[in-house]
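> Build the full structure now, drawing on both the sequences and the hints.
Residue numbers (full-length UniProt numbering), protein chains in the order written: chain V, 1 to 601; chain G, 1 to 309; chain B, 1 to 250.
Possibly wrong hints are sitting among the right ones.
Claimed, not checked - Computed beta-carbon distance windows for the label pairs:
1. B:Gly208 to V:Ala380: 58 to 64 Å
2. B:Pro65 to V:Ala380: 40 to 46 Å
3. G:Val167 to B:Val31: 45 to 51 Å
4. B:Glu27 to V:Trp331: 24 to 30 Å
5. V:Arg475 to B:Thr216: 25 to 31 Å
6. V:Ala472 to B:Glu91: 48 to 54 Å
7. V:Gly78 to B:Ala246: 39 to 45 Å
8. B:Lys243 to G:Pro163: 42 to 48 Å
9. B:Gly208 to V:Val324: 55 to 61 Å
10. G:Gly83 to B:Lys16: 44 to 50 Å
11. B:Val230 to V:Ala556: 48 to 54 Å
12. B:Glu27 to V:Val5: 15 to 21 Å
Hints were generated in silico from the structure; no laboratory data involved. C-beta: ideal position from N, C-alpha, C; glycine also.
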Amino acid sequence: MTAYVPPLKEIRFVLDHLAGMADVAALPGFEDASADMVDSILGEAAKIAENTLAPLNEIGDRQGAKLDAAGVARTADGWGAAWQTLVEGGWNSLPFDPEQGGMGLPNLLNTAVQEMWQSANMAFALCPMLTQGAVNAMQLYADDALKAIYLPKMISGEWTGTMNITEPQAGSDLAATRSRAVPNGDHYLVSGQKIFITYGDHDLTENIVHLVLARLPDAPAGVKGISLFVVPKFLVNADGSIGARNQVNCVSLEHKLGIHGSPTAVLSFGDEGGAVGWLVGQPNRGLEYMFTMMNHARLNVAMQGLAIAERAYQQALSYARDRVQGKPLGWTGNAPFAIVHHPDVRRLLMGMKARIEAMRGILYTAAAAVDVAHNHADEAERKRAGLLVDLLTPIAKGWCTETGQLLASDGVQVHGGMGFIEETGAAQHYRDARITTIYEGTTAIQANDLVNRKILRDGGAGARALLADIAALGRELADGADDSLRVTGLALLDSTVHAGDAVEWLLTAGADDVRVPAAASVTLLELLGLVVGGWQLARAGRVAVAKLAEGDPDTAFLSAKPLTARFFADHFLPRVAALRTTVVAGSGSVMALSDEQLFAA
Amino acid sequence: MSVLLLAEHEQGQLKAATRNAVTAAKAIGGDLHVLVVGSGVAAVADAASKIDGVAKVLVADSALYAHPLAEPLSALIVSLAGGYSHILAPATSTAKNALPRVAALLDVAMLSEITGVVSPHRFVRPIYAGNALATVESADSVQVVTVRPTAFDAAGDGAAAAPVEAVAAVADPALSRFVSADLSKSERPELTAARIVVAGGRGMQSGENFHLLEAIADTLGAAVGASRAAVDAGFVPNDYQVGQTGKIVAPDLYIAVGISGAIQHLAGMKDSKIIVAINKDEEAPIFQVADYGLVADLFKALPELSAEL
Amino acid sequence: MKILCAVKRVVDYNVKIRVKTDQTGVETANVKFSMNPFDEIAVEEAVRLKESGAATEIVVVAVGPTAAQETLRTALAMGADRAILVQTDLETQPLGVAKALKAIVAKEAPGLVIVGKQAIDDDCNQTGQMLAALLGWGQGAFASKIAAANGELTVTREVDGGMETIALPLPAVVTADLRLNEPRYATLPNIMKAKKKPLEIVAPDALGVDLTPRLTVLKVEEPPTRSAGVKVPDVATLVAKLKNEAKVIP
Ligand SMILES: Cc1cc2nc3c(=O)[nH]c(=O)nc-3n(C[C@H](O)[C@H](O)[C@H](O)COP(=O)(O)OP(=O)(O)OC[C@H]3O[C@@H](n4cnc5c(N)ncnc54)[C@H](O)[C@@H]3O)c2cc1C
Ligand SMILES: Cc1cc2nc3c(=O)[nH]c(=O)nc-3n(C[C@H](O)[C@H](O)[C@H](O)COP(=O)(O)OP(=O)(O)OC[C@H]3O[C@@H](n4cnc5c(N)ncnc54)[C@H](O)[C@@H]3O)c2cc1C
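Encoded structure:
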């Protein structure tokens, strides 16, 4: 059985105490996001996730999306109705501008809802995720005429959106983009082939709005010559009704390791002269626009890492309570003995629990900062929050997706042999999790972004400031009264010293050999992921201890928080020192072998 | 102390649940009068008069009561209530419909589905789908109570028949009218009275597949039951449903096939003497209450079972 | 026509309840509460009647603690128009609730009252019938289908032997069974609108109703647990065990 029960209490705790839901609700424009409203919204979203989306997860995996004879990608049984549930419920419109039919609620709240969709059914949740991303890009850059035609229906979810970036020769490096767009009267004719396009075709809605990167005839080479176009599957008549079929053909669907329910399409544009498209914003600035969308999408994919880990954890926990095997060491109770009492099963479960809570802390904190960056009345506050989002985004995407995979794997391990057997569902989570470190920029691309744009560009100022904040918390806890938090505080403080060393090293490391920082980048990302993860757990522990002192009756839930932080401090923060050594001393040896030596054996 | 007990009957036959309720009434003590309400129910009254412990049978025989609607039935009971300390009935759909009305008209609280009698004013009743048992005391002068039949043994017949007395119908409040009934007809024993119940769940996949169960039921002289999921999916009619909101059964043998064992289902059958579960999911919660569990595909196991029997 | 629905806040049906060690009741601290599932069906039916044009307004009532406002908001988000909380911290019992509802009916004059057939906490299955009696109205209990025409309802009821259909002149009380409908999810706009819909709080005193429990719960215990038996390897072993060990089949 693969039930998913949204962890509403935990979500609420993180929203309120780590992300500052009340502060976000106090921002201009978010008056509706009162505490009881948040409860109602999360409660209803949880029902949909649990009762409608989660049961379709396995069906999607088994049936997969299939291309029919007419070239239409067919989704699995029940998916169409589930999509309708989201559309009719207005769920896609949650974070958008009320002027355009949105609900005007905070990104933070949307993040919590998306977490539940993603945990319930990641392959399904990609569709709302990408559609929301496409809306964000259109909202910022499209002209009013385009917005008027497309936005309301994309916001409601009557039409979905896609992101058409990748081409056979242009994956991580978009400078190689070849698709072309030629002006033709009031529009453009777009042609080229895009691959790996998620929900590039499907049968959930009557129209699909593709956002496509392509080059204008006179465009400069490289990334500064790429423009962004809107290319609908069906043209839209003046009265808003569906018109002629555009030249966008789904050539094939990929057979994949995971997320079988999500159609991954090869799309061919303009097979007979050119697909009709419209320019979004200015010519040659497409990549810049796409990046806005991508930053948002990267945090969402980071969320997939958390979400799949949560699902895998729930399943592992429930299996561990039921599976009887071997008398656990030191066990004094009666038979039967469930494996949850074996110390190593406990270690696996604690490792999952601690890192899940760490990820949630990071992602919700980042989501709240997105709201502050957009909506705060004070320019300085907006800027400060924006910088935090910039710095946290590659760390979150890289660390949460890599961690999500590890935890999905641990989930399999807890099941023993049954984990390797498809029926339990543990294997599906493991397979599904594997994509998250690849799309929206591989971990290496995140690490490049972290090193070059987020650390080197400002001379390390942002990273230093964040580490100083974390160190201050470490110092405070190290001096506090709670034993677990004291240990956590010391470990956190120590980790910031090592992290600081690594950052300072990076600032000069490239002077002699530009390859050295790149060789260190993913290790540095992992290092910073652990530090910010420890930071969030320490914050949670501090809040929980304070609430217990105030007499909050939820003692089992709250008293676990400082202990969980302590577990992370014992098991994960010590790795920061080792990773520092790898960064500082080991980056040179990455490229030490010549090609001849590498290929020698 | 004296008890008025509403008899349950169907098609001119006294239903066994009445006998279980008599046992509860005897545990309360005092004079026991059984009330038979219906049209053409002389044989029912006769059967009731023979039950051990019954002091008198009251019969309201009238066309008005051919289909016992809640309003006229409760009006009749209220007209007879004077002098009784307890008004009892087995927890059937007729009594569940009418007795709360009686209690409200008498301005007293009601106790639903008691499973134990501690004293004339103290009863045990299940709450939270049977996941807890509450001992409850009523301060009211009259106790209106429905009795869960499976919790009490059936009273047998006594040495002598009690006197049977006719009572007059009470004017119909005319607040509702009977239109039609669509009752399941079956040669098999009635679900709540059967010694053996064979029940199917969502795992049966279709109504046709229930034939696999019916074949076994017929060999064993068993009744056929179902989970809510099977009823909701339209495999079988609603009166097959066993559970918190369906029928409560406690046969000697309950065979659950393709039923996962949700608490709401367990609430209706976990007092069965022997429980057998056939399910292909070895983790299905039904196995936690089953005396004998068989992890198997039902489509393979049922034909084998048929053959073995 | 105005419809009145009553909704109760209960421990969510998915929660595995635990009896308190001091036997005073079940553990409710830090437990998820939701609207009683039967009441959700009642509200859904009212909303469908309104959508079909058979009703014009839906008023939902809860008798219970302040926290029951959440339950009322859920009903408002499903499509009810107005809510009333009869606020009390006393344990609510069907007779008292029926009296409170009667007082509300006197003020609101609905043409139809729909309530759930039973609450899944106390499993009483009484309130609707009691209310009908107190009002002197007819009742259609355990409804699995209702249709409105000519000032009457046709109610199909789930009874022990199958289905029974009755005609029910209005005003009347209907109690909802599980198969009456499948409740919808509240939509996001409706959840947001629900916040702005009127929710009135009244004291039982103001209605002239005494909610003091008439039944005293002396103790609450765990039911005897059944322990898992054995797994049998095949059908032949099963039959042998039923014959020779359990002796339940010949
Ligand atoms: C299921 C699925 C869904 C997808 N959905 C979409 C979609 O909706 N829209 C879309 O446009 N694309 C989509 N993609 C494409 C995805 O974004 C790319 O696969 C991804 O960006 C990697 O590009 P690539 O596959 O060409 O790998 P490559 O770029 O060839 O990378 C191969 C390896 O080289 C490394 N590498 C490459 N360049 C560098 C560098 N500069 N520094 C360090 N390491 C480097 C990578 O980290 C990786 O390990 C999807 C892909 C999949 C599999
Ligand atoms: C307020 C409320 C009241 C309720 N009242 C009741 C009630 O009175 N009675 C009731 O039953 N439920 C009731 N329910 C519903 C209950 O929660 C469950 O949903 C229901 O009991 C599930 O029915 P099931 O076991 O048939 O279906 P499922 O839970 O879907 O189980 C089907 C089982 O069949 C097994 N299976 C499938 N195929 C095969 C095969 N080929 N061979 C062997 N096994 C197979 C599966 O492993 C699974 O265990 C109520 C719910 C609520 C909310």
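> Each of the hints needs a verdict: does it hold here or not?
Going down the list of hints, with the structure as the test:
1. B:Gly208 to V:Ala380: 58 to 64 Å: Holds, at about 60 Å.
2. B:Pro65 to V:Ala380: 40 to 46 Å: holds, 45 Å
3. G:Val167 to B:Val31: 45 to 51 Å: For Val167 of chain G and Val31 of chain B the Cβ distance comes to about 49 Å; the hint holds.
4. B:Glu27 to V:Trp331: 24 to 30 Å: 26 Å Cβ-Cβ, so the 24 to 30 Å window holds.
5. V:Arg475 to B:Thr216: 25 to 31 Å: violated, 57 Å
6. V:Ala472 to B:Glu91: 48 to 54 Å: Holds - the Cβ-Cβ distance for Ala472 of chain V and Glu91 of chain B, about 50 Å, lies within 48 to 54 Å.
7. V:Gly78 to B:Ala246: 39 to 45 Å: holds, 42 Å
8. B:Lys243 to G:Pro163: 42 to 48 Å: holds, 46 Å
9. B:Gly208 to V:Val324: 55 to 61 Å: holds, 59 Å
10. G:Gly83 to B:Lys16: 44 to 50 Å: holds, 45 Å
11. B:Val230 to V:Ala556: 48 to 54 Å: violated, 34 Å
12. B:Glu27 to V:Val5: 15 to 21 Å: Holds, since Glu27 of chain B and Val5 of chain V (Cβ atoms, about 18 Å apart) stay within the stated range.
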